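Protein chains: 2
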Amino acid sequence: MKVEARRHNATGMIQIIPVKGIPEVAKGNDVSKSILEGCRISGIRLSSQDILIVTHKIVSKAEGQVLQLNSVVPSAFAKKAGRHIGKDPRQVEVILSEARRLVKMVRGLIIAETRHGFVCANAGVDQSNVKKGSIVLLPKKPDLSARKISEGILKTTGKDLPVVISDTFGRAWREGQIDVAIGIYGLEPFSDYRGKTDQYGYELKATVICIADELASAAELAMNKLDRVPVVVVRGYKFERDKEITARALTRSPARDLFR
Amino acid sequence: MKVEARRHNATGMIQIIPVKGIPEVAKGNDVSKSILEGCRISGIRLSSQDILIVTHKIVSKAEGQVLQLNSVVPSAFAKKAGRHIGKDPRQVEVILSEARRLVKMVRGLIIAETRHGFVCANAGVDQSNVKKGSIVLLPKKPDLSARKISEGILKTTGKDLPVVISDTFGRAWREGQIDVAIGIYGLEPFSDYRGKTDQYGYELKATVICIADELASAAELAMNKLDRVPVVVVRGYKFERDKEITARALTRSPARDLFR
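Quick note, the sequences are listed as chains A and B, same order. In case it helps, our numbering puts the first sequence at residues 34 to 293. In case it helps, our numbering puts the second sequence at residues 34 to 293.
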């Protein structure tokens, strides 16, 4: 009995480990080096089965995806729309520059589809956790950002770790926001049960879990939006490696989207 | 330096611990007892700061929320609609009985709003992980189910633990499904940053994280739809206690729903 208990307990536990003490990231910084510095300060020794979840903001900062609001010249439409929905026209201008389609404009908020294909508030443009007067955009190519971080870590440590870049998104039907994946590298983002049979012999027909989003949400629990914990190590989750698939696979085409 | 490292490492880690070995749950079973039996088999000693995440299916089974498909008599509409979208009319009938509004009917799938207010595929009705020929409904009152489990655990162990009942939902805009909370007891489901200032003095205006859903998603990573791991212990997440709030707070009213 004792042996069985220990065997059970030994398998399947997942740890969500916040990487604290990451220094302020500035344009041109190597994010992988910042993460490793945070790991050193936090006393985290990376293992070859770890997954890194990185909030997009430090990536955007490192890549210079930050604008000074003062330098933004709003278009005639941005001025008019900003006045109408009660939003700074310069912000509206930045959102327009980041969007390929607007979904809704109302009461101080714009829901937009970013050029990556993500549907989110303000096309992912955000003024929190950045110097006053600045505005942060999403990384231009979040999958490439994830890959660069992974390759930087590999170069320094010899460990080949998947990386998920996350952001905080609102969603339809439900209150509150959750973290989701906007960039991925090195892991299969879905756990596909279709065609597999459960313990009763029933064949699952539609179950495809988006584990990339679940990893981002799990990581958020160990982050803190006021305290600068922009990176989390997920340890113990058995992922499948995939170096080709991108976060484009996470966006649902309108034709397939029954929830829209 | 070493001291700082240890202090950092000591704080903030979250563990997602699968409760294995839970025996098959039948109608009338006390789910809290099944969970404690699983904890015993898994060698998990519950702590007073743990959160329990329980998939709705074992709750539905214990509460007798299981129908025999053979005993279902489809209405004229269920027959007609089933033929039209290519779905068993008896299934359609069960979905109709669980729904208060249909959102979409297409290609073998019905998106419906359940009487609890959740928008999900097939009104939460599902044939996996149950005996062949059976169909499982959502618990009638998932918050009450969560409360009963919590109170059962408290009675036996003296530990007052929050409980989240989870289900796997599809969503708008994004591919794949994730686990979300459909019943809660004992914890504040949101982490509300509105009015708080970040490290740069910027006041967050809209950030309200749905930690109940993130906990459900985190737990799913340690579950397995084929292997019977229906319960997970989340350890190390600092939650706020709240015994009044229900999962109704997680459903967004159409008037407030800009993503819909």
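Since the hints were derived computationally from the structure, they do not count as laboratory data. These numbers were taken from a predicted model, which means no experiment stands behind them. Keep in mind that the hints are not guaranteed to be accurate.
[Claimed, not checked] As a list, the in silico BS3-like pairs of lysine-lysine whose alpha-carbon atoms are at most 27 Å apart:
| hint | chain 1 | residue 1 | chain 2 | residue 2 |
| --- | --- | --- | --- | --- |
| 1 | A | K238 | B | K164 |
| 2 | A | K113 | B | K164 |
| 3 | A | K238 | B | K137 |
| 4 | B | K164 | A | K120 |
| 5 | B | K137 | A | K173 |
| 6 | A | K229 | B | K229 |
The hints, checked one at a time:
no.: 1; hint: K238(A) to K164(B); result: holds (16 Å)
no.: 2; hint: K113(A) to K164(B); result: violated (60 Å)
no.: 3; hint: K238(A) to K137(B); result: holds (19 Å)
no.: 4; hint: K164(B) to K120(A); result: violated (55 Å)
no.: 5; hint: K137(B) to K173(A); result: violated (35 Å)
no.: 6; hint: K229(A) to K229(B); result: violated (47 Å)
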